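**Student:** Each chain is listed here by its residues.
Protein chains: 6
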Amino acid sequence: MAKQLMDLQLDEEFELYVLLKEAKKRVAKNGKNFISLVFQDSSGQLPGKYWDASAADIQQFVSGRVVLLKGKRENYMNSPQIRIMAMRLAKNDEPHDPLAFIKRAPMTRNQMEDIINQTIFEITNATYNRIVRALIAKHADAFFTYPAAKSNHHDFAGGLAFHTISILRLAHSIVNQYQDIDAPLLYAGTILHDLGKTIELSGPVATEYTLAGNLLGHLSIMDAEIVEAADKLGISRDSQDLILLRHMILAHHGLLEYGSPERPQILEAEILHHLDELDATIMMIQSALKNVAPGDYTDRIFGLDNRRFYKPKPPVPTQKPSQSQLF
Amino acid sequence: MAKQLMDLQLDEEFELYVLLKEAKKRVAKNGKNFISLVFQDSSGQLPGKYWDASAADIQQFVSGRVVLLKGKRENYMNSPQIRIMAMRLAKNDEPHDPLAFIKRAPMTRNQMEDIINQTIFEITNATYNRIVRALIAKHADAFFTYPAAKSNHHDFAGGLAFHTISILRLAHSIVNQYQDIDAPLLYAGTILHDLGKTIELSGPVATEYTLAGNLLGHLSIMDAEIVEAADKLGISRDSQDLILLRHMILAHHGLLEYGSPERPQILEAEILHHLDELDATIMMIQSALKNVAPGDYTDRIFGLDNRRFYKPKPPVPTQKPSQSQLF
Amino acid sequence: MAKQLMDLQLDEEFELYVLLKEAKKRVAKNGKNFISLVFQDSSGQLPGKYWDASAADIQQFVSGRVVLLKGKRENYMNSPQIRIMAMRLAKNDEPHDPLAFIKRAPMTRNQMEDIINQTIFEITNATYNRIVRALIAKHADAFFTYPAAKSNHHDFAGGLAFHTISILRLAHSIVNQYQDIDAPLLYAGTILHDLGKTIELSGPVATEYTLAGNLLGHLSIMDAEIVEAADKLGISRDSQDLILLRHMILAHHGLLEYGSPERPQILEAEILHHLDELDATIMMIQSALKNVAPGDYTDRIFGLDNRRFYKPKPPVPTQKPSQSQLF
Amino acid sequence: MAKQLMDLQLDEEFELYVLLKEAKKRVAKNGKNFISLVFQDSSGQLPGKYWDASAADIQQFVSGRVVLLKGKRENYMNSPQIRIMAMRLAKNDEPHDPLAFIKRAPMTRNQMEDIINQTIFEITNATYNRIVRALIAKHADAFFTYPAAKSNHHDFAGGLAFHTISILRLAHSIVNQYQDIDAPLLYAGTILHDLGKTIELSGPVATEYTLAGNLLGHLSIMDAEIVEAADKLGISRDSQDLILLRHMILAHHGLLEYGSPERPQILEAEILHHLDELDATIMMIQSALKNVAPGDYTDRIFGLDNRRFYKPKPPVPTQKPSQSQLF
Amino acid sequence: MAKQLMDLQLDEEFELYVLLKEAKKRVAKNGKNFISLVFQDSSGQLPGKYWDASAADIQQFVSGRVVLLKGKRENYMNSPQIRIMAMRLAKNDEPHDPLAFIKRAPMTRNQMEDIINQTIFEITNATYNRIVRALIAKHADAFFTYPAAKSNHHDFAGGLAFHTISILRLAHSIVNQYQDIDAPLLYAGTILHDLGKTIELSGPVATEYTLAGNLLGHLSIMDAEIVEAADKLGISRDSQDLILLRHMILAHHGLLEYGSPERPQILEAEILHHLDELDATIMMIQSALKNVAPGDYTDRIFGLDNRRFYKPKPPVPTQKPSQSQLF
Amino acid sequence: MAKQLMDLQLDEEFELYVLLKEAKKRVAKNGKNFISLVFQDSSGQLPGKYWDASAADIQQFVSGRVVLLKGKRENYMNSPQIRIMAMRLAKNDEPHDPLAFIKRAPMTRNQMEDIINQTIFEITNATYNRIVRALIAKHADAFFTYPAAKSNHHDFAGGLAFHTISILRLAHSIVNQYQDIDAPLLYAGTILHDLGKTIELSGPVATEYTLAGNLLGHLSIMDAEIVEAADKLGISRDSQDLILLRHMILAHHGLLEYGSPERPQILEAEILHHLDELDATIMMIQSALKNVAPGDYTDRIFGLDNRRFYKPKPPVPTQKPSQSQLF
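Chains as they are written, first to last, in full-length UniProt numbering: chain A, 1 to 327; chain B, 1 to 327; chain C, 1 to 327; chain D, 1 to 327; chain E, 1 to 327; chain F, 1 to 327.
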């Protein structure tokens with residue numbers, strides 16, 4: 001595999017195609033403009049400063065563009081950074097697709113589509129089935145490429161679909177273990193619960209909140225999408241099915257303080273809330289533990305009330321446990 | 001004016017047309033059915049028990065029906081109640097419209113329609129204007145007859161429109177006093193902010209929450225209505241106007257804990273939240289003070305953190321204040 | 001199956017063996033003693049009053065005893081109750097085991113023992129394995145017969161083991177779905193997490209909190225049990241394994257406010273907390289829904305922030321959903 | 001109009017009279033003293049450092065003094081600052097009144113005095129009238145020149161009176177719209193509610209909290225002032241009027257958490273609390289929006305729970321709204 | 001000692017002088033007036049109903065009067081009550097002082113005066129000394145006879161002074177143990193901290209909150225009293241001593257949520273807050289424990305977050321502990 | 001007394017034995033390693049940087065070692081720091097005991113041992129006495145040398161014992177003042193309440209939390225220690241004495257939010273909680289006030305909700321207070 005940003009050693013010089021994840025115009029102490037940059041490829045990201053930026057530079061080097069970067073990996077204030085030696089936009093016959101430079105879900109789009117397909121077959125209630133089909137079809141491209149969040153958990157390309165699928169797997173376990181769960185409702189609610197993020201967020205690259213995202217939030221966005229889909233499919237606004245499905249989406253944050261306008265009032269909505277939280281929590285902790293040596297603690301995790309988590313040392317080999325039966 | 005429920009003296013016998021506000025089947029100590037009733041006219045309400053109820057009685061004497069009641073006002077456990085001597089449903093040529101027996105807003109529907117009309121003329125932004133027209137036209141009957149809440153504040157027929165108009169008057173004061181307020185947005189948001197209650201609540205008589213009311217809430221209900229209206233009017237889902245108007249409705253409870261999925265993020269939404277709270281607060285306090293003698297305290301008001309309010313005694317006449325100018 | 005308490009009709013006379021679930025001495029208006037009783041069999045419970053109780057009656061009719069009850073099912077204040085016609089303690093050759101009269105887990109003790117056995121084989125870490133074996137062996141009788149709580153969730157005989165096994169099933173799903181979970185630690189922590197309830201609670205019949213339960217709580221009780229077991233097994237107090245296992249128990253309530261002296265700081269402790277909450281929540285909601293007709297709401301559930309849950313009506317048969325593949 | 005601080009371009013040299021808003025002695029890396037300064041005129045403020053400060057410099061260049069400053073506007077770390085070339089105190093025949101260099105309310109003192117005068121005439125209750133007259137007369141100079149807060153809202157000269165007058169205007173709207181409001185009490189409470197800030201704060205220039213401000217707060221300060229005024233005017237400590245007026249001041253923060261020792265328990269106190277909050281909120285949002293381009297968000301506003309507010313883009317001209325009457 | 005209310009047996013007839021602690025007019029089922037009474041002497045209290053009350057009865061049998069009561073102790077709904085056989089007001093030559101019929105502090109007024117006297121000698125700061133003298137002299141009668149609260153803690157005659165003295169004793173321990181405590185300030189603040197209750201409460205008998213108590217609270221009441229005393233004594237409003245003493249009173253509830261407009265900001269105020277809470281807590285727990293048998297729990301104590309407290313059983317005699325020295 | 005770190009003047013050169021309180025490897029801008037150090041002696045601490053650190057330097061200059069430091073006191077960014085000129089480890093015949101370089105409690109170990117000895121004699125209950133003896137004997141060295149906390153209060157060598165003794169003195173005052181306090185239980189609980197910190201913290205020098213400290217906390221640590229001691233002493237797990245003593249430790253943080261798994265449910269536990277808080281609070285405020293000039297405020301104190309405390313100016317001499325007796 002070709003060398004990537006995270007492979008560079010201190011003082012190593014290099015020439016690489018990288019994505020501009022962030023690009024902000026600043027004014028230097030000498031009064032001239034420079035661009036504060038964050039370079040990214042699928043291995044990770046590093047900052048750098050483009051000094052004495054001309055108006056043309058500022059116009060072309062914007063976030064979301066791929067560049068050919070010639071530089072040197074240095075250290076500043078104990079943190080690694082790039083000294084830029086030369087930089088130009090990638091040409092059309094060079095690698096220039098931003099999506100190729102960002103972290104991706106551990107499943108391919110095809111794999112994820114198959115799972116969604118399969119699950120839709122299990123949604124045997126016609127109302128739920130038709131609405132899910134309509135909305136997934138409408139937002140498919142974004143659904144399979146967007147992250148699940150700007151930061152925090154599943155913040156990689158395809159993270160939205162991957163997080164959804166992860167909850168679906170948990171939901172199947174629940175349906176197998178407990179009786180009297182309305183599986184079609186649970187699956188339909190799961191598939192749609194975060195689909196509004198395709199409108200709340202700006203895209204898989206250089207992700208920001210949109211105006212609708214900030215002022216409406218993905219719950220209300222998706223709620224209105226469901227109603228519109230139902231209208232088009234001739235499903236009555238008063239149908240219990242429609243109200244239950246809308247409730248699944250509106251209530252999935254569990255608490256009013258977390259932005260749900262209603263708390264869960266049906267069993268399946270309560271379950272979806274728990275599974276959503278559980279999957280996001282595991283993902284956040286496991287991401288944080290990856291950067292930590294055994295015996296150490298992670299940094300404080302914002303999304304988990306600023307708790308730190310401990311990574312245990314490998315267990316000392318001990319005597320084999322008894323194989324006798326207890327009862 | 002004819003005698004009403006609240007005019008009856010202890011032990012007075014009477015014959016009156018009254019509304020059955022509540023009617024619940026119960027089983028008596030002797031194992032027979034009875035109906036626990038609440039009678040209502042526009043003067044107030046009184047309870048009573050219909051003993052030895054037959055199946056036919058139970059079927060006809062349901063909440064929302066008007067009856068001709070022959071009875072006697074007695075006392076039980078220190079509270080007034082009705083001893084039922086005879087009771088039958090009102091006939092079609094007798095007073096039988098339930099709406100005639102409930103408390104009403106202090107303005108007529110015509111007066112309120114005029115004010116809404118006038119305000120719509122002041123909504124000079126075409127997007128807001130068209131959506132408000134469409135939705136008020138669609139829900140007009142309910143808007144002008146429903147209460148603003150099942151209990152708490154403005155819980156009388158026409159209360160929803162009256163509360164809306166009361167906020168509109170405050171909003172006009174604000175627009176006059178402060179610069180740079182987007183008046184059309186503030187007025188449009190005000191008119192629509194509680195309109196979802198026409199779907200959240202069951203009606204002006206024997207008001208209950210509907211399934212949609214419980215599981216979705218009036219904020220999300222109206223949000224979806226606005227989107228549907230915009231679709232029909234050909235207004236783009238991404239138009240800033242539409243997003244701002246939706247935000248006015250979604251944010252008007254002010255805090256996530258109060259059921260708004262987003263807190264106000266534009267000036268007009270913050271103002272609407274304050275005016276809504278102010279009008280509801282004044283109405284709750286003034287209703288409570290009506291039942292209290294000067295020098296006493298109201299009962300604890302649930303909607304105001306269980307505070308009691310004091311009704312001052314009339315001021316003692318004192319010397320006339322100075323008429324000289326201070327500065 | 002023989003007739004039980006819940007099968008009785010209004011005014012039906014009967015003679016049944018039943019358990020005294022509660023028995024409280026009271027003084028009547030006439031100054032004489034009576035006993036306020038709650039009768040129970042596995043179908044449910046009903047109250048009754050034993051009037052003019054002699055000193056001997058008061059001494060023998062105490063909670064936890066089985067009696068032969070001759071009575072009549074009546075109604076008082078709209079609630080069913082028993083009029084006692086005659087009552088005596090059950091003899092040794094009659095049904096007199098209190099455990100036979102209380103609700104039971106939907107699995108037999110043998111079935112539950114098998115699952116625990118199997119899981120212990122999967123606990124391949126010797127420290128965890130040995131401690132779990134020692135403590136389950138020590139508390140086996142109570143573990144398989146106690147409820148999981150005095151009220152709220154899994155409040156039936158065998159509920160403690162059943163709840164534990166239910167979480168173990170969820171834990172297996174998690175281990176299958178996610179990488180890098182320490183399965184032995186998760187299983188060991190799950191088996192022990194509520195085992196302290198065998199000391200916190202008084203037993204399967206007429207369950208009360210013990211003094212240790214009130215003043216120490218089942219978390220600290222089990223923590224000290226684990227340390228004692230480790231001492232006896234020669235496991236060092238400073239071993240990381242021991243500290244992690246103790247942390248699983250101490251942190252499983254998740255929040256300080258819920259009685260955990262530490263919040264989860266390892267991944268497996270966080271997962272155990274979520275699964276515990278999830279299983280208890282599903283159980284509480286499903287119990288409540290059992291008593292409710294479709295289209296109605298449950299009573300407010302204390303353990304779920306006083307929320308009510310809706311039981312949907314059966315779906316209206318609709319057109320068959322599409323069988324075409326979406327992607 | 002003469003050039004001011006905010007008019008200076010990068011690298012522009014200038015000579016201006018400015019106020020020293022802050023002046024703090026510091027020790028430089030080389031061990032010598034310097035003075036860290038903030039310069040201010042009514043256009044805004046800029047920082048600068050006075051190096052190698054002698055003892056005499058430190059004594060004369062203190063906050064609150066006006067200086068003639070010769071300097072150059074530079075940039076440091078992306079923020080503008082002043083390089084000081086020469087600096088001396090303003091002489092008596094030069095501009096040297098600090099008040100001339102700070103931002104001011106948008107009304108003159110005369111205009112504000114007139115409004116207060118007028119309102120006092122409307123306070124027809126003699127107790128309120130006499131106390132208000134006495135206290136406004138006593139604190140007039142401070143009342144019309146102090147800011148309403150050290151920072152947050154109305155933090156400009158005359159802000160205290162301007163904020164008071166703004167609430168008075170809202171209060172008049174309320175009195176016009178609702179019945180049974182005790183207007184004299186509402187107006188008197190409004191005028192006095194923040195008057196304690198004349199003792200809580202140090203003055204209009206270089207505003208700090210006084211010892212009394214920190215340890216007593218402006219509510220208790222004003223409460224004691226009212227009692228003292230009443231004593232001097234021969235008004236009984238037990239008079240209901242006096243208790244109600246004191247309650248208006250003590251309760252106007254609305255919640256105990258906000259420093260009110262009692263929550264509002266009369267209608268007029270509740271209204272005053274709402275109007276105070278409403279006016280301060282509008283002022284904070286509008287100040288923040290001034291520094292923001294359409295389509296952008298303000299910085300997070302500390303006094304509003306760290307919310308950001310959106311400044312909408314100008315509406316796109318659309319078709320004219322319908323002029324037809326709806327009802 | 002003469003027989004008292006708490007000495008009466010079931011069905012015992014008696015004739016006793018007792019205090020009417022409460023007397024409320026009610027309407028009976030038959031429409032006639034009765035008076036709902038609570039009788040009290042220093043042993044405790046019992047309820048009773050005075051049927052068929054005439055207008056004259058209602059006028060004379062009001063709370064705070066002593067009566068000669070002829071009655072019988074009965075039981076109603078499992079609670080003891082008095083059947084009234086005859087009742088008349090006590091005459092002037094009979095026991096008729098209400099104070100003789102209520103529970104009293106365990107010290108005499110003389111004893112308590114001596115301690116206050118002594119402490120005032122220790123207040124060597126002239127400002128504190130003079131203000132304390134003035135205010136204690138002004139409110140002496142109420143200070144030594146009022147309870148410290150309407151209910152909760154020290155709710156007996158003389159409780160206010162007794163609670164104050166109890167804190168003074170703790171304060172002396174603190175002054176002895178820690179260095180750099182301003183003892184005169186701590187003692188002065190302690191003596192005055194609750195003195196405002198002499199105005200907040202209506203008196204030692206049938207204690208209610210006054211209007212000033214409800215709308216101002218005892219903190220603000222005493223704050224204004226201190227300022228007035230300082231004015232009369234010629235102590236400047238700006239004196240640090242005065243500000244510190246006022247702060248002691250205003251801050252002694254410790255938290256804004258408990259009604260202090262400022263949190264403690266000097267060491268002595270923080271200490272006073274802790275000692276006040278400690279003494280009240282001990283008193284509440286010990287009162288509750290008095291009514292409880294060893295091995296039982298108290299009822300839930302409202303003032304202590306509804307906690308129940310356990311009364312341990314007497315310890316089992318064990319072997320004598322070692323008398324050897326550890327170090 | 002010899003010169004110490006806090007005695008150094010700006011630019012003064014020196015040679016001193018000092019402790020390395022902190023030593024962290026860092027990478028400089030030039031890519032080379034340096035060590036970021038904090039030097040400490042009993043007068044205080046100062047930072048410094050050891051540039052161009054070799055692998056050998058990094059290995060030997062670790063936290064907890066004593067070094068002979070030749071350096072110069074300089075200023076950087078307005079804060080004092082050490083420029084290191086030469087540095088080597090102290091030899092065995094030079095001062096090299098880290099404990100000699102840290103702040104110490106104001107009592108000697110002997111004095112503190114005497115007080116603990118004495119108090120143990122007062123613990124007349126054999127259960128408490130034997131457990132306290134066993135645990136204090138086991139942990140004596142750590143108990144008399146550890147701080148009471150990593151930072152916040154009593155963060156000096158011997159602070160743990162000193163804080164314990166300070167609470168014991170308060171406890172004696174309480175026992176003298178109030179009746180019915182179980183003194184042996186209160187003293188035993190006090191001695192053990194923080195003893196778990198000997199395992200929670202790493203030691204008196206360069207104090208950190210241990211793994212057990214982070215994952216279990218000192219409450220659960222000591223609870224298990226008590227149970228183990230009781231096991232060894234043959235005291236039954238069900239003995240009321242043991243349960244009460246464990247409750248004292250588990251409940252002493254008072255609130256669940258502060259890490260107590262149970263709130264106090266016996267009088268002595270409630271008292272211990274209050275005294276613990278009171279002593280820690282006084283210590284924190286007095287430490288902070290030491291660094292502050294009269295008339296100034298302390299920095300915000302983290303452990304006291306970020307409050308600042310005011311240090312009053314010396315009182316102005318005033319007229320002598322009256323010596324007359326008030327009553």
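Quick caveat, the hints were computed from the structure, so don't treat them as lab data.
Please note: incorrect hints may appear among the correct ones.
No distinction is drawn between identical chains; accordingly, a pair holds when it is met within one copy or between any pair of copies.
Straight-line alpha carbon distances no greater than 30 Å define the calculated DSBU-like cross-link-like pairs of lysine-lysine that follow [claimed, not checked]:
no.	residue 1	residue 2
1	Lys70	Lys320
2	Lys320	Lys232
3	Lys232	Lys32
4	Lys91	Lys103
5	Lys313	Lys138
6	Lys290	Lys25
What you are looking at is a predicted structure, and each value in this text was computed from that prediction instead of being measured.
**Student:** At 30 Å max between alpha carbons, let me know whether Lys91 reaches Lys103 within a copy, between copies, both or neither.
**Tutor:** within (22 Å within a copy, 54 Å between copies)
**Student:** Within, between, both or neither: how does the pair Lys70, Lys320 come out at a Cα-Cα threshold of 30 Å?
**Tutor:** Classified as neither; 56 Å inside a copy, 56 Å across copies.
**Student:** Checking Lys290 and Lys25: alpha-carbon separation at most 30 Å within a copy, between copies, both or neither?
**Tutor:** This pair counts as between: shortest inter-copy Cα distance 22 Å, intra-copy 33 Å.
**Student:** Taking 30 Å as the upper bound on the Cα-Cα distance, should Lys232 and Lys32 be classified as within, between, both, or neither?
**Tutor:** Neither: 56 Å inside a copy, 52 Å across copies.
**Student:** At most 30 Å between CA atoms: does that hold for Lys320 and Lys232 within a copy, between copies, both, or neither?
**Tutor:** This pair counts as between: shortest inter-copy Cα distance 18 Å, intra-copy 64 Å.
**Student:** Treating 30 Å as the Cα threshold, decide for Lys313 and Lys138: within, between, both or neither.
**Tutor:** Intra 48 Å, inter 29 Å, cutoff 30 Å: inter-copy only.
Violation of the numbered hints given earlier is confined to hints 1, 3; the remaining hints are satisfied by the structure.
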